[in-house]
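Keeping their order, the protein sequence lines are chains A and Z. Count the first sequence with this note's numbering and you get residues 532 to 690, in order. Count the second sequence with this note's numbering and you get residues 295 to 543, in order.
Incorrect hints may have been included.
With a straight-line Cα cutoff of 30 Å, these simulated DSSO-like cross-link-like pairs (lysine-lysine) come out [unchecked claim]:
{"id": "1", "chain 1": "Z", "residue 1": "K430", "chain 2": "Z", "residue 2": "K306"}
{"id": "2", "chain 1": "Z", "residue 1": "K372", "chain 2": "A", "residue 2": "K565"}
{"id": "3", "chain 1": "A", "residue 1": "K619", "chain 2": "A", "residue 2": "K629"}
{"id": "4", "chain 1": "A", "residue 1": "K565", "chain 2": "Z", "residue 2": "K483"}
{"id": "5", "chain 1": "Z", "residue 1": "K372", "chain 2": "Z", "residue 2": "K430"}
Hints were generated in silico from the structure; no laboratory data involved. What you are looking at is a predicted structure, and each value in this text was computed from that prediction instead of being measured.
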Amino acid sequence: MPQFDPANFLPQLAWLAVIFAVLYFAIVRPTLPKVGRVIDEREQRVSSDLDAAEVAKTEADAIRTRYDAGMATAREAAQAEVAAARAKASQAIETRMKALAATLDARSDEAAVRIAAARSAAEAKLAATTADLTGEAVARLTGLTVSPAEIDAALASAR
Amino acid sequence: MANPMEQFQIEKMVPLAVAGKDVSFTNSSLWMLVAMLIVAAFLYIGTSRPQLVPGRAQAAVEYLYSFIRDMLRENVGKEGLRYAPLIFTVFIFVLACNLLGLIPFVGAFTPTSHIAVTFGLAMIVFVLVLIVGFAKHGLHFFTLFLPEGTPVFVLPLVAAIEFLSFLSRPFTLAIRLFANMTAGHVLLKVFGGFIVGLGSFEALPYVLGIIPLSVNVALTALELLIAVVQAYVFALLASIYLNDAVNLH
Numbered sequence: 532m533p534q535f536d537p538a539n540f541l542p543q544l545a546w547l548a549v550i551f552a553v554l555y556f557a558i559v560r561p562t563l564p565k566v567g568r569v570i571d572e573r574e575q576r577v578s579s580d581l582d583a584a585e586v587a588k589t590e591a592d593a594i595r596t597r598y599d600a601g602m603a604t605a606r607e608a609a610q611a612e613v614a615a616a617r618a619k620a621s622q623a624i625e626t627r628m629k630a631l632a633a634t635l636d637a638r639s640d641e642a643a644v645r646i647a648a649a650r651s652a653a654e655a656k657l658a659a660t661t662a663d664l665t666g667e668a669v670a671r672l673t674g675l676t677v678s679p680a681e682i683d684a685a686l687a688s689a690r
Numbered sequence: 295m296a297n298p299m300e301q302f303q304i305e306k307m308v309p310l311a312v313a314g315k316d317v318s319f320t321n322s323s324l325w326m327l328v329a330m331l332i333v334a335a336f337l338y339i340g341t342s343r344p345q346l347v348p349g350r351a352q353a354a355v356e357y358l359y360s361f362i363r364d365m366l367r368e369n370v371g372k373e374g375l376r377y378a379p380l381i382f383t384v385f386i387f388v389l390a391c392n393l394l395g396l397i398p399f400v401g402a403f404t405p406t407s408h409i410a411v412t413f414g415l416a417m418i419v420f421v422l423v424l425i426v427g428f429a430k431h432g433l434h435f436f437t438l439f440l441p442e443g444t445p446v447f448v449l450p451l452v453a454a455i456e457f458l459s460f461l462s463r464p465f466t467l468a469i470r471l472f473a474n475m476t477a478g479h480v481l482l483k484v485f486g487g488f489i490v491g492l493g494s495f496e497a498l499p500y501v502l503g504i505i506p507l508s509v510n511v512a513l514t515a516l517e518l519l520i521a522v523v524q525a526y527v528f529a530l531l532a533s534i535y536l537n538d539a540v541n542l543h
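Let the sequences and hints guide you as you build the complete structure.
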């Protein structure tokens, strides 16, 4: 086997040393750490971004809680205000209804009085007219002149 | 028929000698160079303009690099990330050599099928472990051979075994990769020989060659898997050994 021929050892070892040294010092060292730095930077960037996201999330949660609390108190205040307004409005309606009822009662009483007056006047007028017509009818039929007082008495007894 | 061992032959392309020692540029050197150039292209394109949202080339580099980083983070801890570029270099170099050797016709040579190369790579890991261990813990690093909770009367024996297993690490690391690559390539060539042998059966030409050909197609898929898995295993063991040096168990 050529592998075990001692004459082959030195040339191979010498060239391996040279080539490996060039590979390590002139090729790997100037290039690879650049990529290593980029990998580190990326890991750092990702972890810092994750941290920032975590912070933002807690902040958002806090805002959310504050918002919910604010909403709850605002809702309570609004409900109280609505209840008060409703009570006030119903009270106002009640008083106005009472006032309106009072005026309506007064007006109807007044109207009743007027109606009574009108009726009595009409009745008086009707009675007078009835008497006149009776006198006239008697005069035409009998030719007798009857005094209004007699007619009135006769009508009153007939009624 | 070609000898299945012929593919491992080292051929001198440019004979060189430094201080009387032979350091010729061979086909092995050539394929290591090709692997290096491909890795260079991959890395330079992938990292030319690093962006937070990566493009395709950058995503490919990042994928492999994150793979190595995650492996080190898991096995060594955060401190292990310092060695990520070096472990990445070992991993991608082994991976590139393994994969290039599997290209038919073109990838006629696999440097990682030579024990000299895999041993060299294993020594890089071993020396790194020693340097890190002694730099970090000084002489305290030797407590690595004294597992906690061992009864005192067996301690010398356990320490000797631990020491031996520590010393054998570069060898097992080297032999595992070399043996896997060699065995796979030998198998591919043996079945390649069968294709020629059976296909040239006079009475029924070509037809019988289909059987070993289909085996070779399946073997190539298996070898692709092994090429990737062995590169991974090499890097994984390197990071496990590194863990000993950094954390002393």
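Hints versus structure:
Between Z/K430 and Z/K306 the CA atoms are separated by roughly 43 Å; this puts the pair beyond 30 Å, and the hint is violated. For the hint linking Z/K372 to A/K565, the alpha-carbon distance of about 18 Å falls within 30 Å, and the restraint holds. At most 30 Å may separate the alpha-carbon atoms for a hinted pair to count; A/K619 and A/K629 meet this at roughly 16 Å. Annotation: proposed proximity of A/K565 to Z/K483 is violated, straight-line Cα distance about 42 Å (limit 30 Å).
Under the criterion of a C-alpha separation no larger than 30 Å, the hint pairing Z/K372 with Z/K430 is consistent with the structure, at around 15 Å.
Checked against the numbered hints above, the structure breaks hints 1 and 4 and satisfies the rest.
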